[in-house]
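**Student:** Sequence:
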Amino acid sequence: MAPASVTKLTNTDGVQEAIRGLRFGKASGPNDVPNRAFKHLTQRVISLLVLIFNAILFTHHFPIAWKHARVISIFKPGKDPALPSPYRPISLLDTIGKLNEKILLAMILHEISVLGLMRDEQFEFRPRQSTSLQQIRLLERITRNFGEKRLTGAVFLHVAKAFDTVWIDGLLYKLTLLNFPSYIFHTNSSYLRGRTSEASF
Numbered sequence: 001m002a003p004a005s006v007t008k009l010t011n012t013d014g015v016q017e018a019i020r021g022l023r024f025g026k027a028s029g030p031n032d033v034p035n036r037a038f039k040h041l042t043q044r045v046i047s048l049l050v051l052i053f054n055a056i057l058f059t060h061h062f063p064i065a066w067k068h069a070r071v072i073s074i075f076k077p078g079k080d081p082a083l084p085s086p087y088r089p090i091s092l093l094d095t096i097g098k099l100n101e102k103i104l105l106a107m108i109l110h111e112i113s114v115l116g117l118m119r120d121e122q123f124e125f126r127p128r129q130s131t132s133l134q135q136i137r138l139l140e141r142i143t144r145n146f147g148e149k150r151l152t153g154a155v156f157l158h159v160a161k162a163f164d165t166v167w168i169d170g171l172l173y174k175l176t177l178l179n180f181p182s183y184i185f186h187t188n189s190s191y192l193r194g195r196t197s198e199a200s201f
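Going by my numbering, the final residue of the sequence shown carries number 201, and the count climbs one at a time with no gaps.
The hints are simulated quantities; they were obtained by calculation from the structure and are not laboratory data. Beta carbons are placed, not taken as given, at the ideal position from N, Cα and C, and that holds for glycine. Warning: the hint list may mix true and false statements.
[Claimed, not checked] Pairs of lysine to any residue residues, derived as SDA-like cross-links and limited to a Cα-Cα distance of at most 20 Å, are as follows:
1. Lys39 to Ala27
2. Lys76 to Ala199
3. Lys8 to Leu175
4. Lys102 to His60
5. Lys102 to Pro127
6. Lys98 to Ile52
7. Lys102 to Leu9
8. Lys76 to Arg88
9. Lys102 to Gly21
10. Lys76 to Ile90
11. Lys67 to Leu172
12. Lys102 to Arg126
13. Lys67 to Ala106
14. Lys39 to Gly14
15. Lys98 to Glu198
16. Lys102 to Ser130
17. Lys39 to Leu22
18. Lys98 to Phe58
19. Lys174 to Ile112
20. Lys8 to Asn54
21. Lys67 to Ala55
22. Lys67 to Phe185
23. Lys39 to Gln16
24. Lys67 to Thr165
25. Lys98 to Asn54
26. Lys174 to Ser113
27. Lys67 to Ile52
28. Lys8 to Ala55
29. Lys102 to Val45
30. Lys102 to Ser182
31. Lys174 to Leu105
32. Lys174 to His110
33. Lys98 to Arg20
34. Lys39 to Thr12
35. Lys67 to Phe53
36. Lys8 to Ser190
37. Lys174 to Arg193
[As the list claims (entries may be wrong)] Label-pair ranges, simulated between beta-carbon atoms:
38. Lys26 to Ile52: 16 to 26 Å
39. Asn31 to Glu148: 51 to 61 Å
40. Val33 to Ile74: 14 to 24 Å
Start from the sequences, fold in the hints, and give me the full structure.
**Tutor:** Shown next, in the form of structure tokens:
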């Protein structure tokens, strides 16, 4: 494993892989550039994006404009429109910023795998895993216990707004203790702080 101080850069293959992962039907963010536009970028433009993304890794500075979200509200059908609860807020971010986020996420997931920080029981937010597979795994375990005449106990917790209340300083401190690569750690610090939004109706 490379030392935490060594910055691993992205390249044209990494950027093109991130572009392939974009959902082209998604609404555009504050810059009004749709995801579909990235399908038609020339090799020269992709090379420029590589330079920009690598500069972010070196300087540990995530651009302010990419942290500004346009928030729209989606109404849930069959609910009372006079109440605020049926409206689901959706944050639309800068398209190029989202592309850079995908590259950072790939780097983070790689380091998590190398450091062995992800438990096998973690299914959500993992490639080729899903909550449906976790349900199948649970049913399989219950069925096996029935066959072995063993009792099965389960506790289910639903934590509302969990990601909205993450203690950022505590999270970054834990990443330091886990020897997470410093170039990702400092870039994440810039990425997580100073985020702004505006409501759009």
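**Student:** Against this structure, judge whether each hint is valid.
**Tutor:** Hint check:
1. Lys39 to Ala27: Holds: lysine 39 and alanine 27 sit about 15 Å apart, inside 20 Å.
2. Lys76 to Ala199: holds, 18 Å
3. Lys8 to Leu175: holds, 17 Å
4. Lys102 to His60: holds, 16 Å
5. Lys102 to Pro127: holds, 13 Å
6. Lys98 to Ile52: Holds - the C-alpha atoms of isoleucine 52 and lysine 98 are around 13 Å apart, at most 20 Å.
7. Lys102 to Leu9: holds, 14 Å
8. Lys76 to Arg88: Holds - the C-alpha atoms of arginine 88 and lysine 76 are around 7 Å apart, at most 20 Å.
9. Lys102 to Gly21: Cα-Cα ~8 Å, so holds.
10. Lys76 to Ile90: Cα-Cα ~12 Å, so holds.
11. Lys67 to Leu172: With a Cα-Cα distance of about 18 Å, the restraint between lysine 67 and leucine 172 holds, given a limit of 20 Å.
12. Lys102 to Arg126: Status holds; Cα separation ~13 Å.
13. Lys67 to Ala106: Given that 20 Å is the threshold and the Cα spacing comes to 19 Å, the pair holds.
14. Lys39 to Gly14: holds, 14 Å
15. Lys98 to Glu198: holds, 17 Å
16. Lys102 to Ser130: Holds, at roughly 19 Å.
17. Lys39 to Leu22: holds, 9 Å
18. Lys98 to Phe58: Judged against 20 Å, a Cα distance of about 19 Å means the pair holds.
19. Lys174 to Ile112: holds, 13 Å
20. Lys8 to Asn54: Status holds; Cα separation ~9 Å.
21. Lys67 to Ala55: Holds: lysine 67 and alanine 55 sit about 17 Å apart, inside 20 Å.
22. Lys67 to Phe185: Cα-Cα ~17 Å, so holds.
23. Lys39 to Gln16: Roughly 9 Å separates the two Cα atoms, so the pair holds.
24. Lys67 to Thr165: Holds, at roughly 18 Å.
25. Lys98 to Asn54: Cα-Cα ~15 Å, so holds.
26. Lys174 to Ser113: holds, 16 Å
27. Lys67 to Ile52: holds, 16 Å
28. Lys8 to Ala55: holds, 12 Å
29. Lys102 to Val45: holds, 18 Å
30. Lys102 to Ser182: holds, 18 Å
31. Lys174 to Leu105: With Cα atoms ~18 Å apart, lysine 174 and leucine 105 stay inside 20 Å; holds.
32. Lys174 to His110: Judged against 20 Å, a Cα distance of about 18 Å means the pair holds.
33. Lys98 to Arg20: holds, 13 Å
34. Lys39 to Thr12: Within the cut-off at roughly 14 Å; holds.
35. Lys67 to Phe53: Holds, at roughly 15 Å.
36. Lys8 to Ser190: holds, 18 Å
37. Lys174 to Arg193: holds, 17 Å
38. Lys26 to Ile52: 16 to 26 Å: holds, 21 Å
39. Asn31 to Glu148: 51 to 61 Å: Cβ of asparagine 31 to Cβ of glutamate 148: about 58 Å, so the range 51 to 61 Å holds.
40. Val33 to Ile74: 14 to 24 Å: At 21 Å between Cβs, range holds.
Hint compliance for this structure: every hint is met.
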